[in-house]
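> Taking my numbering, the leading residue of the sequence shown gets 79, the next gets one more, and so forth.
Don't read these hints as lab results, they were simulated from the structure. Computed from a predicted structure; not experimentally measured. Mixed in with the good hints, there may be bad ones.
[As the list claims (entries may be wrong)] Using 20 Å as the maximum straight-line C-alpha spacing, the simulated DMTMM-like pairs for lysine to aspartate or glutamate come out as follows:
| hint | residue 1 | residue 2 |
| --- | --- | --- |
| 1 | Lys-348 | Asp-286 |
| 2 | Lys-265 | Asp-138 |
| 3 | Lys-317 | Glu-383 |
| 4 | Lys-443 | Glu-383 |
| 5 | Lys-115 | Asp-138 |
| 6 | Lys-348 | Asp-123 |
| 7 | Lys-115 | Glu-243 |
| 8 | Lys-322 | Glu-300 |
| 9 | Lys-115 | Glu-167 |
| 10 | Lys-354 | Glu-167 |
| 11 | Lys-429 | Glu-378 |
| 12 | Lys-317 | Glu-378 |
| 13 | Lys-317 | Asp-381 |
| 14 | Lys-242 | Glu-167 |
| 15 | Lys-308 | Glu-361 |
| 16 | Lys-115 | Asp-234 |
| 17 | Lys-318 | Glu-383 |
| 18 | Lys-322 | Glu-243 |
| 19 | Lys-308 | Glu-378 |
| 20 | Lys-318 | Asp-381 |
| 21 | Lys-348 | Asp-431 |
| 22 | Lys-308 | Asp-381 |
| 23 | Lys-265 | Glu-191 |
| 24 | Lys-348 | Glu-191 |
| 25 | Lys-115 | Asp-286 |
| 26 | Lys-322 | Glu-373 |
| 27 | Lys-443 | Asp-431 |
| 28 | Lys-318 | Glu-240 |
| 29 | Lys-158 | Asp-234 |
| 30 | Lys-265 | Glu-149 |
| 31 | Lys-308 | Glu-383 |
| 32 | Lys-429 | Glu-361 |
| 33 | Lys-354 | Asp-289 |
| 34 | Lys-265 | Glu-189 |
| 35 | Lys-159 | Glu-149 |
| 36 | Lys-158 | Asp-104 |
| 37 | Lys-159 | Glu-243 |
| 38 | Lys-276 | Asp-286 |
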Amino acid sequence: MGAVAKTGTGAFDPSAGQFIRCMPVDGRTTHIQVQFKQLRVVTHDPVALQPGNARLRPSDVTEEDVELHAEVQRGIEHGKKSNIPSYAEYILRHVTGEQVGVLPPMHLWTERELSIHQFPDQDGVVQHFLCVPHGLNLIAIDGETQLASHYHLQQDPTLPQEVKERHAAAQLSAVVHDARPALEARKFFYDLNVLGVKVNTTIALAMDTTDPLMGIVGRLSEDVPFFRGKVERISRQIKKNSLKVIKVQDLRQVVVNMVHGIAGVQYGAKPAPVDKVALDELETVAREWLTAYTEAFGAELTDRETCVAGTGTVLAAVGALGQSLLDAPAEERSGRRDALIASLAQIDWRKGDHWLGTVLTQTPKGNYTINGPKQSAYAVHAALSHEDTTAYRRVRHQPEPTSASEEPAGEPAA
79 MGAVAKTGTG
89 AFDPSAGQFI
99 RCMPVDGRTT
109 HIQVQFKQLR
119 VVTHDPVALQ
129 PGNARLRPSD
139 VTEEDVELHA
149 EVQRGIEHGK
159 KSNIPSYAEY
169 ILRHVTGEQV
179 GVLPPMHLWT
189 ERELSIHQFP
199 DQDGVVQHFL
209 CVPHGLNLIA
219 IDGETQLASH
229 YHLQQDPTLP
239 QEVKERHAAA
249 QLSAVVHDAR
259 PALEARKFFY
269 DLNVLGVKVN
279 TTIALAMDTT
289 DPLMGIVGRL
299 SEDVPFFRGK
309 VERISRQIKK
319 NSLKVIKVQD
329 LRQVVVNMVH
339 GIAGVQYGAK
349 PAPVDKVALD
359 ELETVAREWL
369 TAYTEAFGAE
379 LTDRETCVAG
389 TGTVLAAVGA
399 LGQSLLDAPA
409 EERSGRRDAL
419 IASLAQIDWR
429 KGDHWLGTVL
439 TQTPKGNYTI
449 NGPKQSAYAV
459 HAALSHEDTT
469 AYRRVRHQPE
479 PTSASEEPAG
489 EPAA
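Please put together the full structure from these sequences, using the hints given.
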């Protein structure tokens with residue numbers, strides 16, 4: 079970036095570009111503190127930088143901008159694209175003070191060399207400012223989803239103008255890498271996205287103090303006697319000789335599915351909407367349902383080596399069964415809960431061929447592997463509760479019904 083230019087206030091030239099408060103890190107790396115209303119002057123909306131649909135782009139986005147972006151960033155599609163609205167909601171709650179949160183620094187890049195200027199403030203303390211020339215746009219090589227989410231908020235027609243102004247004035251953090259060729263920027267993209275080890279879901283969920291469902295999960299882990307002191311909150315998997323009986327993410331999935339049914343597996347570790355349910359009632363019904371299930375099948379839950387009752391996939395389906403209890407009138411819940419337990423008591427929870435196609439897959443060597451909730455929760459849910467399915471009868475070792483054509487001659491079909 080060259081030497082820091084010591085420019086007095088008298089030599090200040092506002093026509094040179096956007097001046098952004100900064101802290102130099104090294105010759106070509108600068109940490110900036112910037113409001114979004116200024117950041118959007120020196121960046122493009124990442125969505126507008128996607129290839130195709132040239133006619134829909136803003137007039138200041140050129141084909142050269144799109145091509146340069148493609149050299150150092152992946153496209154906004156699939157999970158990245160679908161994450162923008164939810165990330166925008168998180169940002170909104172954060173900047174309005176509705177929820178305590180944190181926004182990580184974005185990493186912005188340009189091939190151009192930028193200059194840093196020093197100006198004393200009113201107290202005589204020298205402040206550093208990065209000058210981004212007018213017409214130059216920085217490209218996000220990391221944190222692009224966050225940047226796109228800021229633009230998404232400003233484009234939301236449902237947000238009041240005063241909320242947008244509050245968001246635009248929020249202080250954001252970014253690291254600017256300048257005077258670097260595209261090949262270096264691509265290497266930085268790799269370093270920032272690949273070299274870091276993401277925390278596993280178990281730890282991440284355990285650390286979330288804002289998710290109302292995790293509050294319920296925490297209390298269930300103490301209030302359901304079978305779970306007390308036996309919820310795995312750190313490791314991704316329960317170790318073979320561990321005394322733990324359930325992972326925290328599996329317990330949360332049970333609660334999610336009591337609200338959303340088996341379709342709740344789509345949320346995984348992401349926030350699940352619970353605004354249409356009374357949380358205290360959900361907690362009560364979940365505690366009663368899980369207490370009944372663990373009292374009935376505690377031995378099978380503990381025996382993870384030979385039984386499937388404690389697998390995440392089965393537990394997700396058990397949670398979905400509990401939705402009928404949550405929806406039922408309070409006076410009917412006890413009877414329905416007993417009926418569910420009686421039906422589940424007919425099941426052979428031992429691993430075996432009767433679980434193939436639902437919770438188990440068999441390897442070429444004849445070993446069984448456990449299928450995950452997103453892969454097989456629907457099939458397991460059918461096996462547990464849909465009486466008209468083959469899977470339901472198979473896990474209970476019930477015979478298949480005899481068709482009319484197979485009835486003995488002279489006898490009416492059943």
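> Quick one: which hint numbers does this structure break? Sort them smallest to largest.
Hints 2, 6, 18, 21, 24, 25, 28, 32, 36 and 37 contradicted; others consistent.
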